[in-house]
Structure formats: structure tokens, C-alpha cells
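> One-letter residues, chain by chain:
Protein chains: 2
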Amino acid sequence: MNAPTEAPPLQQHQREAILAALRAVLPAECLLSEQEDTRPYECDGLTAYRQLPMAVALPQNEEQLIAVLKVCRQLQVPIVPRGAGTGLSGGAMPIADGIVISTAKMSRIVALDPLARTARVQPGVRNLAISEAAAPHGLYYAPDPSSQIACTIGGNVAENAGGVHCLKYGLTVHNVMRVRMVSIEGEVIELGGAALDAPGLDLLAVFIGSEGMLGVVTEVTVRLIPKPPVAKVIMASFDNVVSGGDAVAAVIAAGIIPAGLEMMDKTSARMVEPFVRAGYDIDAEAILLCESDGLQEEVEEEIGRMSEVLFRAGANAIAVSQNEAERMRFWSGRKNAFPAAGRISPDYYCMDGTIPRKRVAEVLVGIAEMEKTYGLRCANVFHAGDGNLHPLILFDANAPGEFNRAEQFGEAILALCVAVGGTITGEHGVGIEKIDSMCEQFEVSEIAAFIGVKRAFDGAFLLNPNKAIPTLDRCAAYGKRQARGGLFKFVKQVNA
Amino acid sequence: MNAPTEAPPLQQHQREAILAALRAVLPAECLLSEQEDTRPYECDGLTAYRQLPMAVALPQNEEQLIAVLKVCRQLQVPIVPRGAGTGLSGGAMPIADGIVISTAKMSRIVALDPLARTARVQPGVRNLAISEAAAPHGLYYAPDPSSQIACTIGGNVAENAGGVHCLKYGLTVHNVMRVRMVSIEGEVIELGGAALDAPGLDLLAVFIGSEGMLGVVTEVTVRLIPKPPVAKVIMASFDNVVSGGDAVAAVIAAGIIPAGLEMMDKTSARMVEPFVRAGYDIDAEAILLCESDGLQEEVEEEIGRMSEVLFRAGANAIAVSQNEAERMRFWSGRKNAFPAAGRISPDYYCMDGTIPRKRVAEVLVGIAEMEKTYGLRCANVFHAGDGNLHPLILFDANAPGEFNRAEQFGEAILALCVAVGGTITGEHGVGIEKIDSMCEQFEVSEIAAFIGVKRAFDGAFLLNPNKAIPTLDRCAAYGKRQARGGLFKFVKQVNA
Chain A
1 MNAPTEAPPL QQHQREAILA ALRAVLPAEC LLSEQEDTRP YECDGLTAYR QLPMAVALPQ
61 NEEQLIAVLK VCRQLQVPIV PRGAGTGLSG GAMPIADGIV ISTAKMSRIV ALDPLARTAR
121 VQPGVRNLAI SEAAAPHGLY YAPDPSSQIA CTIGGNVAEN AGGVHCLKYG LTVHNVMRVR
181 MVSIEGEVIE LGGAALDAPG LDLLAVFIGS EGMLGVVTEV TVRLIPKPPV AKVIMASFDN
241 VVSGGDAVAA VIAAGIIPAG LEMMDKTSAR MVEPFVRAGY DIDAEAILLC ESDGLQEEVE
301 EEIGRMSEVL FRAGANAIAV SQNEAERMRF WSGRKNAFPA AGRISPDYYC MDGTIPRKRV
361 AEVLVGIAEM EKTYGLRCAN VFHAGDGNLH PLILFDANAP GEFNRAEQFG EAILALCVAV
421 GGTITGEHGV GIEKIDSMCE QFEVSEIAAF IGVKRAFDGA FLLNPNKAIP TLDRCAAYGK
481 RQARGGLFKF VKQVNA
Chain B
1 MNAPTEAPPL QQHQREAILA ALRAVLPAEC LLSEQEDTRP YECDGLTAYR QLPMAVALPQ
61 NEEQLIAVLK VCRQLQVPIV PRGAGTGLSG GAMPIADGIV ISTAKMSRIV ALDPLARTAR
121 VQPGVRNLAI SEAAAPHGLY YAPDPSSQIA CTIGGNVAEN AGGVHCLKYG LTVHNVMRVR
181 MVSIEGEVIE LGGAALDAPG LDLLAVFIGS EGMLGVVTEV TVRLIPKPPV AKVIMASFDN
241 VVSGGDAVAA VIAAGIIPAG LEMMDKTSAR MVEPFVRAGY DIDAEAILLC ESDGLQEEVE
301 EEIGRMSEVL FRAGANAIAV SQNEAERMRF WSGRKNAFPA AGRISPDYYC MDGTIPRKRV
361 AEVLVGIAEM EKTYGLRCAN VFHAGDGNLH PLILFDANAP GEFNRAEQFG EAILALCVAV
421 GGTITGEHGV GIEKIDSMCE QFEVSEIAAF IGVKRAFDGA FLLNPNKAIP TLDRCAAYGK
481 RQARGGLFKF VKQVNA
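Top to bottom, those sequences are chains A and B. Numbering follows the UniProt record's numbering, in which position 114 of the first sequence is assigned residue number 114; successive positions increment by one, without gaps. Numbering follows the UniProt record's numbering, in which position 106 of the second sequence is assigned residue number 106; successive positions increment by one, without gaps.
In isolation and in its complexed conformation, chain A is listed as follows (with noise of 0.2 angstroms):
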């Protein structure tokens, strides 16, 4: 129950023969290959990693891609699929002698029913351009990830993608009802649908979050939910983390679903105030935003129990956004925590892990003891709501070193993440970044799973090979590499 070994690379007539199998089935401004023109795909939003493929396919209708998929299927070559690549862990990173199947040309809204409240769009639509496309019937699809102006559907639907919404709204996978996808042997397959179950096995939920590695979409069926009338955000500034934390845990034992539940560290406040004049508490150690939606009573009712409850919590300041323009902007501190980051450090390393929700304290504790261990600042913002953490971990990749550290930081704060009870990533996906975590994550058995699923859509590991899932002899690789370097190896917790 093993998976792909690496293929020795191709010579310069294979390479040719392969592109002329490509030509014959896409028109000419649907394939590209000379260097100039592949460059753009040499790598995703995790820019740290990058190769150039062999060459580029944008298929523009679902007929051209069965026969690219069919093409690569024959000649075994191994194929990444790629959405907006924006993705942060490298899901869409090529493959020197493979080929990159991007959907940007099927970008067409085909239908959207105000009524039964769906749309079905192709994989290329922008996120953000579903949301635009049904505001005019009051309607908006909720989930809502940093990216979603330039994301597509189809890379929300290969990385489950979330956002700051998603604690009460979900996931992709709680938001998409149908998808339709080309297998690697060129089959059409359509999974989920209207109905709340489906006879069979669920395979809408495997493969939302599969990171290309199942199918390449042709077709999102998504669901639409009204537009909250109104929307209004708490700034809610602690005078140590630990409370912050604590304040969580306190809003959502209180029977509370806020429609956002964000937390930032000093740091973070410190790095994006100067830059968005978010009117954010500099001086605090942790600020949360919670934001409420719905009706005006509703919003008004639940604002006075969050704030009561921050208050109880510890909370020594507390502001609520007084018009829309105002929420707008407490967020934009939160949404522009990344590019802020860019502008006090040369690089930055963006982690993405997940905790219990009572864990938070302890593991924003055990981060500051380790930027000490690493000698590296690392700045956090939070999706408390749902224990998604995003540690920014800030070096310089000219300073000699820095960024071995910097990853191996970021490793270190999965295995506390794993140690907690979480899991190695809650967003972000596993991609190419944290394949080796997984190992860390899963036993061999619960990986063997993995693999056998994968082999079941895609018996010869072409699409998007060596991403997501590690083989078994790379886990065991991992294991000893561990043991040897005596890196903190924690043992599994079950955390019922």
C-alpha cells in the first residue's frame, strides 16, 4: 500500500511527443510551454517553493480537458491542477516533467436560482464574483478566505477553504452541494447533490479538501444564503493573552456562534497599525474582534451579551464598530495582517494549525518560548473561533541561516499544535509545505487509508503526486530523522 517512487526525467523527445499529443487536442492559446510563458506558474502563494513545468494547459470547456486528462493518462504524465494559485502551501507547485492544468478560461457563472438559492458555477469564477453575481437577490456565498478576490471556486473547493466567517458559516465543504469533475481516465463524475443525504458513500466530502489529487473540477454547485441586514464588530482590547484566550472559550460557552471570532497578538496590532490605521489598542497584549450578523434587534441583543461576557472575561477596553465603514475597517487590520508583515521584515513564514479553543494561552506561551529558542519574532493572528492560529513567523531569507530556522519554527509549533490535541493545519492546506508533518498527525494506518482512497480515483498517482498525502517510506524517513535530531517527537493525543 505504497505510493509513487520518483521517475527519472524525461528526454528531450518524450517532452516533444507530449506536446504534440497536447496540441492536438487544445487550440493553440490553450497550451503554453516556452519558459516566458509557464513562468507565472513556477509557484503559488507559498513562493518560497518553485519549479517551472513542462508546459501549461488551460482547457477551455470540459470536452478539451477530458482530452488533456486523457493525453496524460496514456503518456503518465503527472498533472497539477491550479485554480488562482493563491494557495499557501504549495498544493499548486509544478512538476519539472509534468503539466499544470489551470482553469482560468472556464470562468463562466452558468446558472444561479435566487430561489432555490444556488449557483452553479465553472471552477474558474472568482470567489468574491459569486457573491457579486447574487447580491442583486440579497443573497451571498458565505465562506470568505483573505484571497477571495482573486481565489476561484475551484481552488476553494481542492483546499476546503474557510475564512473569518467560517465559524458560523462554514467551510467550502458545508457550502458546496454538488461539484462535477473529470477523472483522471477522462470520466465525468458528479458527486453530492440537492438532497440534505445522498445514497452511497459521501464522496462530495472527500473530495473537498483533496487538493487535486481525486479529480479536476468542471463544476461547483454552491449553496447562497441571505445577506445579514446588519453586521456590527466588537474591538475587545486584554491586558495579557492568557485572558484573551480565556475570553474566547467564555463567548462560545455562553451559547454565542459570533459571525467572527478573531484574536491578534501585540505584535501583530503593533505591525498592521501603522500600516491601515485600523484605530486598533497598540498598547494592548491581545485584542479580539467579535462581529455579530443578522437582524438589527438580534445584532444589538447578542453585541450586549458578547460584551458583558468580554468584560466578565477580563477585557479592560471594548469598542463597537458604530457604522459599516467603521466595521470595515477594524477588519482591515485583521485582513491585512499578512501584507503587513511584508513591510516590517524581508520575508515572512505564514504557519496555519489548529488547537482547542481552551489550549490557546498555553500554546500562544509555548511560541513565545520558542521564537527565543529560534531567535526569530513571530507575530499571531488567530481565528479564535475555531482554534485556527496563523503564527507570522518573520526572518530574512539573505541572513545566513534564517530560513532553516524559520522552518523549523514552524514545524515546531505543528508539533505543539498535534501535542494539544489540533492538527497541522486548519486552512491552508497540506500541500507540498507540511507533508512531512502529516506523518506527525496520522498513524501509518489512518495514512494507509489516505493512499488507498487516492489510489482508488487515481491508480498511477498522476494527479498531483507526492502533494498532501507522504507515502509510508517517507514517513518512516521522518520518524528517524526525528529520533535522530532529538527534536521534540510527541506522542499522539486523543482529545475526545
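Careful, some of the hints might be misleading.
Using 30 angstroms as the maximum straight-line C-alpha spacing, the simulated DSS-like pairs for lysine-lysine come out as follows [stated by the list, open to error]:
{"id": "1", "chain 1": "B", "residue 1": "Lys266", "chain 2": "B", "residue 2": "Lys372"}
{"id": "2", "chain 1": "A", "residue 1": "Lys266", "chain 2": "A", "residue 2": "Lys168"}
{"id": "3", "chain 1": "B", "residue 1": "Lys358", "chain 2": "B", "residue 2": "Lys266"}
{"id": "4", "chain 1": "B", "residue 1": "Lys168", "chain 2": "A", "residue 2": "Lys168"}
{"id": "5", "chain 1": "B", "residue 1": "Lys227", "chain 2": "A", "residue 2": "Lys358"}
{"id": "6", "chain 1": "A", "residue 1": "Lys227", "chain 2": "A", "residue 2": "Lys335"}
{"id": "7", "chain 1": "A", "residue 1": "Lys335", "chain 2": "A", "residue 2": "Lys372"}
{"id": "8", "chain 1": "B", "residue 1": "Lys227", "chain 2": "B", "residue 2": "Lys168"}
{"id": "9", "chain 1": "B", "residue 1": "Lys266", "chain 2": "B", "residue 2": "Lys335"}
{"id": "10", "chain 1": "A", "residue 1": "Lys227", "chain 2": "B", "residue 2": "Lys227"}
{"id": "11", "chain 1": "A", "residue 1": "Lys70", "chain 2": "A", "residue 2": "Lys168"}
{"id": "12", "chain 1": "A", "residue 1": "Lys335", "chain 2": "A", "residue 2": "Lys168"}
{"id": "13", "chain 1": "B", "residue 1": "Lys372", "chain 2": "B", "residue 2": "Lys335"}
{"id": "14", "chain 1": "B", "residue 1": "Lys227", "chain 2": "B", "residue 2": "Lys335"}
{"id": "15", "chain 1": "B", "residue 1": "Lys227", "chain 2": "A", "residue 2": "Lys168"}
{"id": "16", "chain 1": "B", "residue 1": "Lys168", "chain 2": "A", "residue 2": "Lys358"}
{"id": "17", "chain 1": "A", "residue 1": "Lys168", "chain 2": "A", "residue 2": "Lys227"}
{"id": "18", "chain 1": "A", "residue 1": "Lys266", "chain 2": "A", "residue 2": "Lys105"}
{"id": "19", "chain 1": "A", "residue 1": "Lys70", "chain 2": "A", "residue 2": "Lys105"}
{"id": "20", "chain 1": "B", "residue 1": "Lys372", "chain 2": "A", "residue 2": "Lys227"}
{"id": "21", "chain 1": "A", "residue 1": "Lys168", "chain 2": "B", "residue 2": "Lys358"}
{"id": "22", "chain 1": "A", "residue 1": "Lys168", "chain 2": "A", "residue 2": "Lys358"}
{"id": "23", "chain 1": "A", "residue 1": "Lys227", "chain 2": "B", "residue 2": "Lys335"}
{"id": "24", "chain 1": "B", "residue 1": "Lys358", "chain 2": "B", "residue 2": "Lys168"}
Computed list of chain A residues with no C-beta within reach of chain B, every gap over 10 angstroms [what the hints assert, rightly or not]:
{"id": "25", "residue": "Pro27"}
{"id": "26", "residue": "Tyr49"}
{"id": "27", "residue": "Glu62"}
{"id": "28", "residue": "Gln74"}
{"id": "29", "residue": "Ala116"}
{"id": "30", "residue": "Asp202"}
{"id": "31", "residue": "Ala205"}
{"id": "32", "residue": "Glu285"}
{"id": "33", "residue": "Gly401"}
{"id": "34", "residue": "Ala477"}
Taking beta-carbon pairs under 10 angstroms as the criterion, some of the chain A residues facing chain B (in silico) [claimed, not checked]:
{"id": "35", "residue": "Arg117"}
{"id": "36", "residue": "Val173"}
{"id": "37", "residue": "His174"}
{"id": "38", "residue": "Leu203"}
{"id": "39", "residue": "Met213"}
{"id": "40", "residue": "Val444"}
If you're looking for bench data, these hints aren't it; they were derived computationally from the structure. Computed from a prediction, not measured in an experiment: that's the story for all the values here. Backbone N, C-alpha and C fix where the C-beta goes; we use that ideal spot for every residue, glycine too.
Mind docking chain B on chain A? Use the hints.
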């Protein structure tokens, strides 16, 4: 990519060897092989299909279960896992030369964490027992199938059980966070976790509803939710089924998600009223039950809005439950529809399919026509809110031809469900009952994907073989039969 062929019957010495191997790993009281002991296991809630198994194993713990599975794997013995045997599609029907694994002796609540709002329970714990254990903390487990007094959480996981409240609170898959199971290889695999998203493939969702085909559950971690302080139910009468059906769509379109939204036709109301004295309007052509739960003020407000919508949609009378006793009485009629059918008819056949909400009226008219075609009466009860239909076909098994006609009637109803864009099962599963209808619902490529995933977990097809997923040969034979018989074979409609 095809699945199991029928094995020839075992010789007596082979059966003895298997029983001896099982005896070696189980205490004497945990293995039943005498007919008088195995008789209670010969069928589940689909009593028309019966088969005595070779033996019934009742492991007391995970170690014993692993040992049993290893014996079966080695000796190629097919296995049927079984919870309480309340399933309605024959998923737990035994195999002549196979064994039943009952989880009845693994019935301990391992841990209940009122702060994290989770319970960790063994598979044989009854659905209602979880809510009873959580009640002192003001919590409960939401999915409430009609069989909740008897059915077990292991069986709920296998069937992805729903209930009258699943419109608002979701199915089993939405309320289970983690499953621990043993594969046919005897390996322990944990699926899911505490985080909103998890890295790797979402095998938890695949497992839930997989009808015992992927592994045997040993522990389930469920989400508990706060018991709403108040609940009220509206009973609304309609003088035709079309306006009743339209009222369902109108409630949802008004942005209301009722805690329950059920519909009964006149036949059902008249069938059930003399039996339970629920106070139903037996002159109405359709009755809707709409429940609201939450805080006092929320419930009052929602009951008011729902009443308005229902009147506008054509209700000619509305009653609101005035106290908890009355609320229970209104529901008791709905919940006792099946036993009531048993009182007015020697036999009944409970179907289960889903349809888009807006097609309710049309499907009811179609079923009324089929009553004439097949010469049998049909009482209709609905989880109307999620379009889940439960037609009860009334027949007499002793009257020549009636059983066959009832089966054909049922198949025709399911074909109609698929034709209007629905599915062949809402919540009762496929089991043995609807395995042919799977061929109606899915394309060959889709069935092949199911088989592929099944093979990834159980390559020898020993776990509940010939249930839930048809072989491709079986679908080919079904297709030919339908064509020959001239029975309506609807074109699959994509309903976006």
C-alpha cells in the same frame, strides 16, 4: 473495477473450522451459533428479508473485535456488522456463510465533557441514552430517528441517521466529530477530530453512512448541544396537498429554518388519529407540523411569522401547542405513523426517498396515480422541510401478488424521486432493499468510484458484501430488465 462474485456454500468442516477459530478468541458467551440463539438476528427492521447467519459474535471490547476481524480476514468469512437491528433497508441482514458482529456488549459511555460539549461513547450505546446522560448538564444529542429509544450510535453512524429535527440540527454526519474503527485488516483507524477542518482526506464523512462496508466502529465522539428552553409546534390544515406542499417551500423561502417541518396526507392522519388521538384535523387533505425552539421570545416571534406565512400559503386552520404535553401529543401522531399503518393493514412497506421541496405537490399527485396502477393504498408522511418522503404502501402479504405489486410500487416511487431531481433514500440507507435503485440513481463512473473506495478499505469485500453498492454487472442486468419490462427508466436529470 468490479466487485465480489457469489462464493459456493461452505462445507460443514469449513464452518466448524471457522467457529473453532472464533471460539479461540472470544469468551463462550460472546459467540452464538445455535439456531435458537441466532434466530433473533435473522433480519433487521426490513423484516421481509431473512437469513440465518453461521454465527453471531458479540465482542466485549476492541481487542476481541480485532481478533474476530483477523480470523474473518484470514478465513475469508463475510461479516455483517449490527447495531440494534432497527434499520429499515436490510443493511444488517445476515449472510448464510457469514457472521454477524453485534456491538451490543460495547455499550459504555466512556466520557462526557459538559464544557467541551462532547460525549465519547462505545458503538452499542443507544441514541437516547446519550441524551439522558447529557440531560443533567442541560445538553442533548440532536439527531432523533424514530427508533431512538432502541437504535445505537454505531448503527446511526453506519446509516447516517436523521430524524424530525435534522432540518435545523443536521444528520449524524453533522453531529459526530470523531469515529474510531477497526478495519478488516484488524487495524485501528481514527477518523475526524475536534477541529473544524482536518488535514488529509475527509474520511469521517465517507465512513458515516457507509453501511458497515468500510470498518467496524469501536468508539464515537459526538457533539452535544444545549437543550432549547422552549419549543412549540404549529399544526396547520390545508384543503389540498398542492397548497400544503407550497406552504413548505414558502416557510423556507421566508428565511425560517424550523426545528421540525413535517407533512402528513389525509390517509395518514385518518390512519393515525384513532390510534393516538393527537387531535389531527382528519378532514384536511394535508397537515403540516412546524416546530420552533429556542428562547421564549425567539419562539413566540418565529411562531408568529410561521403562522403568517402558513395562512398566506392557504392554511385554513392553525393550532399552536399550548404546553409541552400538547406538543408531544401533536408529534406522537407523526412518530406513530408506522405502527398505525400496522393496525389498519396486515402489512406495509415504508419507502424513503427525497425530492426537491418545490416538487412535493407534483410527486404526491404522481403517487396517487400509482395507487390506481398498482391497486394498493399509500399513506404519505414527510420530513417536508428537507424533502424526505416516507410513503407507506399498505398491502397484505397473504393476498396473491400483493407483495410483488408493493415492491414494484415502491420502485416506481423511487424512480419518480430520481426523475424530479431527488434521490432514492433520505435516511434509511440502501442496504439490500434499494441496491438496484442505486443503478437508477448513479452513472457507471459514479458506482465505479464507490467500488474503488470500498476496495481501498476492504479489498476482499468481506464487510457487508452485496449491500449498499451494486456491482457493475448487477447494474447492467438491472438496465436490461428495465428495458425489457418497459418500466419507466427516467433520464437522470441534473438539478442544480
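> Checking against the hints above, which ones are violated?
11, 18, 20, 23, 29, 30 and 31
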